[in-house]
Amino acid sequence: MKFSKSFVVFIFAGLVAWSSSFALTAQEALSKSQNWFKSGKAWDLTFKLQVFYAESPDIASQQGSLLVAEGDRFKLDVAGMKFYSDGESLWQYNEEQKQVLIKAVEDLSSSLHPSELLFKYLNCKALDLKEATFNGQKLWVLTLDPSKYAGQFTKMEVWLNKTDFSPARLYTMDPSGNSSWYSIIKLKVVKNFTPADFKYKSIKGVDEIDMR
Numbered sequence: 277m278k279f280s281k282s283f284v285v286f287i288f289a290g291l292v293a294w295s296s297s298f299a300l301t302a303q304e305a306l307s308k309s310q311n312w313f314k315s316g317k318a319w320d321l322t323f324k325l326q327v328f329y330a331e332s333p334d335i336a337s338q339q340g341s342l343l344v345a346e347g348d349r350f351k352l353d354v355a356g357m358k359f360y361s362d363g364e365s366l367w368q369y370n371e372e373q374k375q376v377l378i379k380a381v382e383d384l385s386s387s388l389h390p391s392e393l394l395f396k397y398l399n400c401k402a403l404d405l406k407e408a409t410f411n412g413q414k415l416w417v418l419t420l421d422p423s424k425y426a427g428q429f430t431k432m433e434v435w436l437n438k439t440d441f442s443p444a445r446l447y448t449m450d451p452s453g454n455s456s457w458y459s460i461i462k463l464k465v466v467k468n469f470t471p472a473d474f475k476y477k478s479i480k481g482v483d484e485i486d487m488r
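Read in the working numbering, the sequence shown has 305 at position 29, and its numbers run on one by one without any break.
In short, the hints are calculated from the structure, not lab data. Hints may be right or wrong, so weigh each one.
Taking lysine to any residue and the SDA-like style, the derived pairs with C-alpha atoms no more than 25 angstroms apart in a straight line are [stated by the list, open to error]:
hint	residue 1	residue 2
1	LYS401	THR301
2	LYS324	LYS414
3	LYS438	LEU342
4	LYS431	CYS400
5	LYS308	PHE410
6	LYS406	GLN303
7	LYS480	ASP353
8	LYS464	GLN326
9	LYS406	LYS480
10	LYS475	LEU343
11	LYS324	PHE395
12	LYS379	TRP435
13	LYS401	LYS477
14	LYS317	LYS358
15	LYS379	ASP348
16	LYS379	ASP486
17	LYS431	MET449
18	LYS467	TRP435
19	LYS308	LEU415
20	LYS379	CYS400
21	LYS431	GLN310
With beta-carbon atoms standing in for the labels, derived distance ranges [unchecked claim]:
hint	residue 1	residue 2	range
22	LYS462	ALA330	16 to 22 angstroms
23	GLN413	PHE313	18 to 24 angstroms
24	GLU371	SER307	38 to 44 angstroms
The structure displayed is predicted, hence computed values, not measured ones. Beta carbons are placed, not taken as given, at the ideal position from N, Cα and C, and that holds for glycine.
Just need the whole structure built from these sequences, with the hints factored in.
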């Protein structure tokens with residue numbers, strides 16, 4: 277059987293593309309994701325969180341939005357609560373109760389800190405890289421070593437976009453066997469921000485209780 281020159285070239289190009297796509301190592305993929313975060317000063321995203329409990333069929337689900345920058349600066353809106361942090365003070369605003377609690381950022385529980393969502397995987401060692409599909413989109417699935425966060429996580433994965441290596445999903449499991457999925461609905465790099473973006477602005481009729 278004879279093959280045309282163009283057909284042979286097509287097959288060869290396909291094999292090269294196929295082999296090069298799998299030449300990427302897990303650590304290289306993590307490094308590319310780390311570099312993606314260096315492209316901005318802050319990050320603006322909306323997300324969906326699902327928690328699957330080890331000893332219950334119930335699934336906790338909620339959506340939220342987050343503006344986050346380094347230095348403990350963030351604005352988090354989730355489940356009727358709004359959190360503002362300028363890196364030193366934390367404002368916890370309960371819309372229903374019309375009350376704001378003001379605390380020191382250092383008193384913030386690690387389970388509430390947005391770095392739990394966005395940054396912690398960047399500090400882990402990459403173990404394995406594979407491909408998977410989510411919502412019709414092919415993604416890199418990066419398995420990570422969570423030992424740096426022993427006591428918080430026993431398993432950790434991040435699903436990365438294949439174009440720019442930005443995070444699309446994050447998976448964690450805690451020591452009790454409860455697993456959490458963060459699905460990032462929309463993620464945008466913010467080039468510039470002002471300190472006021474992370475401060476609570478007083479609202480008439482809302483009580484402010486300073487607990488610092």
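Evaluation of the provided hints:
Between LYS401 and THR301 the alpha-carbon distance is near 12 angstroms, which keeps this suggested pair within the 25 angstroms criterion. The suggested pairing of LYS324 with LYS414 holds, with an alpha-carbon distance near 19 angstroms, which does not exceed 25 angstroms. Taking the CA atoms of LYS438 and LEU342, the gap is about 23 angstroms. The hint holds against a cut of 25 angstroms. Only pairs whose Cα atoms come within 25 angstroms are accepted, and LYS431 paired with CYS400 is accepted, the gap being roughly 11 angstroms.
Restraint check for LYS308 and PHE410: the C-alpha separation of about 20 angstroms stays at or below 25 angstroms, so the hint holds. The straight-line distance between the Cα atoms of LYS406 and GLN303 is roughly 12 angstroms, inside the 25 angstroms bound, and the hint therefore holds. Between LYS480 and ASP353, the direct Cα distance comes to roughly 20 angstroms. Compliance with the 25 angstroms bound is thereby established for this hinted pair. A threshold of 25 angstroms between alpha carbons decides the hint, and for LYS464 with GLN326 the separation of about 22 angstroms falls inside it, so the pair holds.
Of the pairs offered as hints, the one joining LYS406 and LYS480 is violated, with about 52 angstroms between alpha carbons and a cut-off of 25 angstroms exceeded. Between the alpha carbons of LYS475 and LEU343 the distance comes to roughly 12 angstroms, so the proposed pair stays at or under 25 angstroms and holds. For the given pair, LYS324 sits about 17 angstroms from PHE395 by alpha-carbon distance, which is consistent with the 25 angstroms threshold. Restraint check for LYS379 and TRP435: the C-alpha separation of about 34 angstroms exceeds 25 angstroms, so the hint is violated.
About 40 angstroms separates the Cα atoms of LYS401 and LYS477, which puts this hinted pair outside 25 angstroms; it is violated. Taking the CA atoms of LYS317 and LYS358, the gap is about 22 angstroms. The hint holds against a cut of 25 angstroms. Distance restraint check for LYS379 and ASP348: the Cα-Cα separation of roughly 13 angstroms lies within the 25 angstroms cut-off, and the hinted pair is therefore satisfied. For the given pair, LYS379 sits about 7 angstroms from ASP486 by alpha-carbon distance, which is consistent with the 25 angstroms threshold.
Straight-line distance between C-alpha atoms of LYS431 and MET449 comes to about 5 angstroms, which keeps the hinted pair within the 25 angstroms bound. Taking the CA atoms of LYS467 and TRP435, the gap is near 24 angstroms; set against the 25 angstroms cutoff, the hint holds. Restraint check: the Cα-Cα separation between LYS308 and LEU415 comes to about 14 angstroms, which is no more than 25 angstroms; the hinted pair holds. Our distance criterion of 25 angstroms between C-alpha atoms is broken by LYS379 and CYS400, whose separation comes to about 30 angstroms.
Using a Cα cut-off of 25 angstroms, the hinted pair LYS431 and GLN310 holds, with the two alpha carbons roughly 20 angstroms apart. A beta carbon spacing of about 30 angstroms between LYS462 and ALA330 contradicts the range 16 to 22 angstroms that was offered as a hint. Taking 18 to 24 angstroms as the suggested C-beta distance range, the pair GLN413 and PHE313 conforms, at roughly 20 angstroms. Taken as a hint, the range 38 to 44 angstroms holds for the pair GLU371 and SER307, whose Cβ atoms sit roughly 41 angstroms apart.
Checked against the numbered hints given earlier, the structure breaks hints 9, 12, 13, 20, 22 and satisfies all the rest.
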